[in-house]
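There are 2 protein chains.
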Amino acid sequence: MASMAARTNSIATLRLPGDVLMAGKNETATKLGFYPSRRVAMITRKNGNFSVRAGAGGTPRSVETINGKINGVHVGEATLFGNKNSIELINDDGDSLPHSSLHGKFVEERFVYRQTFVIRSYEIGPDKTATMETLMNLLQETALNHVTSSGLAGNGFGATREMSIRKLIWVVTRIHIQVQRYNSWGDVVEIDTWVDAAGKNGMRRDWIIRDYQTQEIITRATSTWVIMNRETRRLSKIPDQVRQEVLPFYLNRFAIAKEKNDSEKIDKLTDDTAERITSGLAPRWSDMDANQHVNNVKYIGWILESVPINVLGDYDLTSMTLEYRRECRQSNLLESLTSTTSSLADDSNCKNNSINRRPDLEYTHLLRMQADKAEIVRARTEWNTKQKDKLH
Amino acid sequence: MASMAARTNSIATLRLPGDVLMAGKNETATKLGFYPSRRVAMITRKNGNFSVRAGAGGTPRSVETINGKINGVHVGEATLFGNKNSIELINDDGDSLPHSSLHGKFVEERFVYRQTFVIRSYEIGPDKTATMETLMNLLQETALNHVTSSGLAGNGFGATREMSIRKLIWVVTRIHIQVQRYNSWGDVVEIDTWVDAAGKNGMRRDWIIRDYQTQEIITRATSTWVIMNRETRRLSKIPDQVRQEVLPFYLNRFAIAKEKNDSEKIDKLTDDTAERITSGLAPRWSDMDANQHVNNVKYIGWILESVPINVLGDYDLTSMTLEYRRECRQSNLLESLTSTTSSLADDSNCKNNSINRRPDLEYTHLLRMQADKAEIVRARTEWNTKQKDKLH
Chain A
1 MASMAARTNS IATLRLPGDV LMAGKNETAT KLGFYPSRRV AMITRKNGNF
51 SVRAGAGGTP RSVETINGKI NGVHVGEATL FGNKNSIELI NDDGDSLPHS
101 SLHGKFVEER FVYRQTFVIR SYEIGPDKTA TMETLMNLLQ ETALNHVTSS
151 GLAGNGFGAT REMSIRKLIW VVTRIHIQVQ RYNSWGDVVE IDTWVDAAGK
201 NGMRRDWIIR DYQTQEIITR ATSTWVIMNR ETRRLSKIPD QVRQEVLPFY
251 LNRFAIAKEK NDSEKIDKLT DDTAERITSG LAPRWSDMDA NQHVNNVKYI
301 GWILESVPIN VLGDYDLTSM TLEYRRECRQ SNLLESLTST TSSLADDSNC
351 KNNSINRRPD LEYTHLLRMQ ADKAEIVRAR TEWNTKQKDK LH
Chain B
1 MASMAARTNS IATLRLPGDV LMAGKNETAT KLGFYPSRRV AMITRKNGNF
51 SVRAGAGGTP RSVETINGKI NGVHVGEATL FGNKNSIELI NDDGDSLPHS
101 SLHGKFVEER FVYRQTFVIR SYEIGPDKTA TMETLMNLLQ ETALNHVTSS
151 GLAGNGFGAT REMSIRKLIW VVTRIHIQVQ RYNSWGDVVE IDTWVDAAGK
201 NGMRRDWIIR DYQTQEIITR ATSTWVIMNR ETRRLSKIPD QVRQEVLPFY
251 LNRFAIAKEK NDSEKIDKLT DDTAERITSG LAPRWSDMDA NQHVNNVKYI
301 GWILESVPIN VLGDYDLTSM TLEYRRECRQ SNLLESLTST TSSLADDSNC
351 KNNSINRRPD LEYTHLLRMQ ADKAEIVRAR TEWNTKQKDK LH
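Order-wise, the sequence lines are chains A and B. No gaps in the numbering here: position 321 of the first sequence is 321 in my numbering, and each next residue is one more. No gaps in the numbering here: position 128 of the second sequence is 128 in my numbering, and each next residue is one more.
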């Protein structure tokens, strides 16, 4: 643990909407579970007279009977938005409520959380498909809804109740994503996410994105999280009480097979080793999240600023690995560094190519403070020539 | 018309995803209607065996019987996603398909298009509520889906078939939005949109955003559109054939009552009249849309860059008017100018205050090219002190 604590300053905090939003909404929390009261209120909207249909041809059951112990954890109102029977809310008219499918649900005996999204017109890039930032945003959204729906949520986003009591938060240290194909405007994607142990004091969160229509897996992603004290900013072991909360949700499944994963260290670029440096990148007010930090998805845009523009236009970003080192606030001017990865010629380095063929380009990146050159994120990307013959 | 044509260079093009995406998807278009084939394919997914339920207690009808003439316009597959009976797709298991509520539908005899959205975690700002950019993105998305679902869509986003034949596109000249209250993460909002004539050669598009739970109207917006030839970039009259296409959808209703609307000209700021100038704003690759233009919603972020940071933090943006003057590509460096509006002391200028009380602050803005100072957007904003006692 000493070595982890020593790294405190080089780990980014979880830059997600903050600790305050849920405050004041915990009135309905009980020993049996917790869910923000406003969502519960929504269920009784209109005529206050909804039945709950469990599975195909199931007999409607009252809301009360579905509360209880699932996965060994007592859950309360949260089960309304997902339990092992994939319950959907249907009102007496037979119409589904918008939010019953707009929010996610648990599947596979509550080990996997699933949510569908439509790719919106403003989430696509110049090539008319969803951007990498869009995918990462959707992964973040699914992860947060997973925690909220699990009934474990404390008063901070992503933190459990036992963590909140101890002022602990999850911080992400690494994300790796492999994109087989990017979707277009109007396409529906289905995202599965689950968690598992990562060593003694870490948690792994994986995701799979499917094309809803074809059920083809088009994206795989994995991430590593550790626990930090939000006041001392020091890393912490996972307390036993927290482990007992999350353990029932752990699923020993890998979105990316071990031999396909990118677990290699990312080299640190310097002024000497960087081929391209873009300076003067200024976070905008609109890049800030609820904690006045830069949302970690925004880093992707800055990293790509030092990639040659013809690459951005002519190649698909098929793999990306981010190693978070330090948090960033609005006042910091940033620099983006990029270099072609020299070892690309070596065939053994192609294992993290998402489409199982040799990437056409591989880059190493560094995003750092302009003033003191302190590291914020290291990254590695792989690119493949766009297939011109594919339908748009 | 001469005066409009003379203004060609000072009108922004509709910077929305472009002309190519729909190409190749028109195979199913018939004289009776048109809908992108991939969405039709989705309906037959899984078991290809869906019934269509029309209204409460209605007898299931076959898909074929709902095609026909509505609002005087023949519509085909598009009616699957919305017609005057608010048809919802229900599959044989009784589960609703995700996309049946993820996409929108027509209501009020097909004059109004309605879509619901959940505010996502990454769409909220430092104050933990949806940002102005998020609202504008959702308005854009609803408008585009309205056109697509109407069965009128040609091969360009927002353009009708008769417009596409003539290489005509819609361009927005002005948007005015009044925000009563911003929603939080997880809230469901319901957006209504409709169109009407605006003078002889323009179209007005209005929107209303409701809090889905309370049905309270929380945002109102109105916009003006004219037709431009996409090759000559000159403004055009509305051809009779186009008028016949859109006329059946016109609804003489105003989201913002005339006396509450902001229709006043926005003064042009100069180096002499601007109190604050932020230079060196560089559009990023990720700010580009499918036409390699800057998406017009992105302008909002740059406009706000020259607003004092304490205003961004302590005040709510309750009203915004944008006057689009010229399009912007990635290579252009931008400057953002802001000034307090001097006439604020005059009570008669408060009519466009969205919450019907005097705004605490009013600003005039200009976004222009840094090199030649050419105007891109003029804007006017109104701000009210955040109500500290409100629940988050």
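Just so you know, the hints here were simulated from the structure itself, not pulled from any lab data. All C-beta atoms, glycine included, are put in the ideal place defined by N, C-alpha and C. Treat each hint with caution, since some may be false.
Said to hold, decoys possible - Residues on chain B that point at chain A, a partial pick, calculated with CB under 7 Å:
1. 120
2. 137
3. 141
4. 283
5. 286
6. 288
What the hints assert, rightly or not - Covered stretches of chain A, going by a simulated chain B footprint (3 or more residues, C-beta under 8 Å):
7. 160-170
8. 232-238
9. 300-307
Quiz item: Which hints, by number, does the structure contradict?
Solution: Of the numbered hints, 4, 7, 8 do not hold.
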